[in-house]
Amino acid sequence: MTATDPAEAPQQRAPLMTEREVSIIGGMMVMLGPVSLSLYTPALPTLVEVFGTSIATVKLTLTVFFFGFAVSQLICGPLSDAYGRRPVALGFFGIYLSGAVVAMLAPTIGWLVAGRILQGIGAAAGIALSRALVRDQYTGQASARVMNLIGTILAIGPAISPTIGGFLLGAFGWHSVFVAMTCFGLALMTLLLLRVPETNRTPDPRLAAPRAVAASYRRLLSDRGFMRAALTAGSALGGIYTLAAALPFVLIDRVGLSPTQFGVAMMMQTGAFMFGTLIARPLLNRFKAQQLILPGLLLVLTGAIAMAVGPHVVALSTLSVMLPISFWACGCALLLPGCTTNALARFGSIAGAASALTGFLQIGSGFIGTSISALLPSPLLAMTILVPAMAVMALTLHLVLAPRREAAPLEVEPARDLAPDLELAADPLGLVGASGDEIEAGTYRRAS
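For the sequence shown, our numbering begins at 1 and goes up steadily by one.
Hints are computed from structural coordinates only; laboratory data are not their basis. Warning: the hint list may mix true and false statements.
Simulated restraints, written as ranges between beta carbons of each label pair [what the hints assert, rightly or not]:
no. : residue 1 : residue 2 : range
1   : P403      : I279      : 19 to 27 Å
2   : P377      : L191      : 21 to 29 Å
3   : R254      : I372      : 40 to 48 Å
4   : F167      : Q291      : 37 to 45 Å
5   : G52       : D223      : 47 to 55 Å
6   : P205      : L316      : 49 to 57 Å
7   : Q291      : D223      : 44 to 52 Å
8   : Y217      : E49       : 41 to 49 Å
9   : R201      : V392      : 45 to 53 Å
10  : L316      : A56       : 36 to 44 Å
11  : R206      : R254      : 28 to 36 Å
Since we're looking at a predicted model, the values are computed, not measured. All residues carry an ideal CB built from backbone N, CA and C; glycine is no exception.
Given the sequences, and given the hints that come with them, work out the whole structure.
This is the structure in structure tokens:
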């Protein structure tokens with residue numbers, strides 16, 4: 001048995017917050033990103049008319065959100081290690097709040113784009129800092145309980161936000177969507193000020209040194225196993241993120257749904273992901289998480305083929321659009337636990353960097369996908385060509401980057417230890433379903 005690395009040893013100190021407080025506030029922090037996307041997507045076709053601009057320009061408001069979110073993830077974690085959770089959280093959420101106000105008052109599409117990139121930068125802190133709040137205070141089963149409750153809270157946001165966004169849009173206009181985001185941001189800032197103490201008891205400014213941060217990321221980028229897992233999950237999730245920019249135009253403009261009906265239709269995606277997690281739980285009692293990656297990818301590919309072929313053989317309808325996406329979302333639920341395992345299991349001493357880089361690659365995939373989507377002449381082309389290509393890429397990366405024969409395999413601890421964290425598997429923006437955090441790296445071990 002090897003000695004425990006001091007850097008990875010859990011802190012045995014009394015927690016500064018109760019489990020309920022950490023769960024509720026941590027859940028709100030993680031939910032900031034998904035809510036900021038899901039509330040907004042029903043308004044995309046309306047914004048084209050309001051600002052008298054093109055679909056491509058309005059899609060840019062999603063692209064810059066992804067960009068800000070992806071880059072910010074790499075920064076806020078090390079900053080909170082160096083200077084404390086509380087000041088970094090207040091600073092980044094202040095950026096988010098300013099972005100929401102700019103977007104709410106935007107007189108032109110350019111101002112809206114500026115507001116959205118600020119929102120992306122600020123919202124990313126919710127992912128990294130919610131994890132830190134838990135890790136600073138809880139380990140073992142207590143940590144699992146908190147993470148599970150955060151996942152339950154997070155499940156609510158992406159499921160109901162499109163419906164709420166559609167209702168607000170229809171009843172009060174597009175400004176009301178950003179009023180809701182502003183209120184959410186204010187509520188979160190108030191809770192942080194009144195209820196969250198500083199939980200990082202050993203801040204170290206050296207941890208924010210560019211050389212130290214770069215060394216951690218360089219180690220991860222040069223690791224074949226990490227890149228295989230992160231890029232496979234990133235391509236699969238990137239397809240979902242890319243669809244977020246195309247689906248409102250397909251379902252509202254082409255199929256003819258109202259914004260509220262669009263929100264209800266999106267529940268099929270969330271329901272499919274949750275169904276996938278229910279299937280995964282008993283399977284993990286019999287198989288390693290890594291063994292579910294390929295079946296998950298095959299489900300994603302099935303959805304991609306149906307997405308590419310469907311519009312050419314059947315009329316566009318809610319079912320013909322959402323059924324393939326449901327296959328895709330269900331496949332993501334199967335592959336994410338194994339990909340997360342492979343990405344994080346061997347990097348306990350730099351788990352924060354590994355988690356941040358995993359999120360960066362996933363959101364970065366969405367950034368690239370929405371950028372290319374904006375260049376295509378039709379959102380339907382993005383759905384039938386670009387998104388299926390991302391499924392093919394996910395499968396190809398998984399096969400091409402397979403570990404060398406001599407590499408020691410990763411093993412998962414018994415599924416009962418893993419199951420509470422399944423809903424937190426690695427969907428940084430929570431758009432697929434009930435997820436949004438990584439499965440704790442400490443629940444995995446390398447085979448001896």
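Is it true that R201 and V392 lie within 45 to 53 Å of each other by Cβ? holds, 48 Å
Range hint 47 to 55 Å (beta carbons of G52 and D223) holds or violated: Distance hint for G52, D223 holds at roughly 48 Å.
Range hint 44 to 52 Å: satisfied by the CB atoms of Q291 and D223? Cβ of Q291 to Cβ of D223: about 21 Å, so the range 44 to 52 Å is violated.
Holds or violated: 36 to 44 Å for the Cβ distance of L316 and A56? violated, 21 Å
Given the hint of 28 to 36 Å, check if R206 and R254 actually sit that far apart at their C-beta atoms. violated, 54 Å
Between Y217 and E49, does the beta-carbon spacing fit 41 to 49 Å? holds, 43 Å
Within 21 to 29 Å or not, the Cβ separation of P377 and L191? violated, 45 Å
Using the Cβ atoms, figure out if R254 sits within 40 to 48 Å of I372. violated, 20 Å
For the pair F167 and Q291, does the Cβ-Cβ distance stay inside 37 to 45 Å? Holds: the Cβ-Cβ distance is about 42 Å, inside 37 to 45 Å.
So does P403 sit 19 to 27 Å from I279, Cβ to Cβ? Given range 19 to 27 Å: holds, Cβ gap about 26 Å.
Confirm or reject the claim that P205 and L316 have a C-beta distance inside 49 to 57 Å. holds, 56 Å
When held up to the earlier numbered hints, the structure conflicts with 2, 3, 7, 10 and 11 and fits the remainder.
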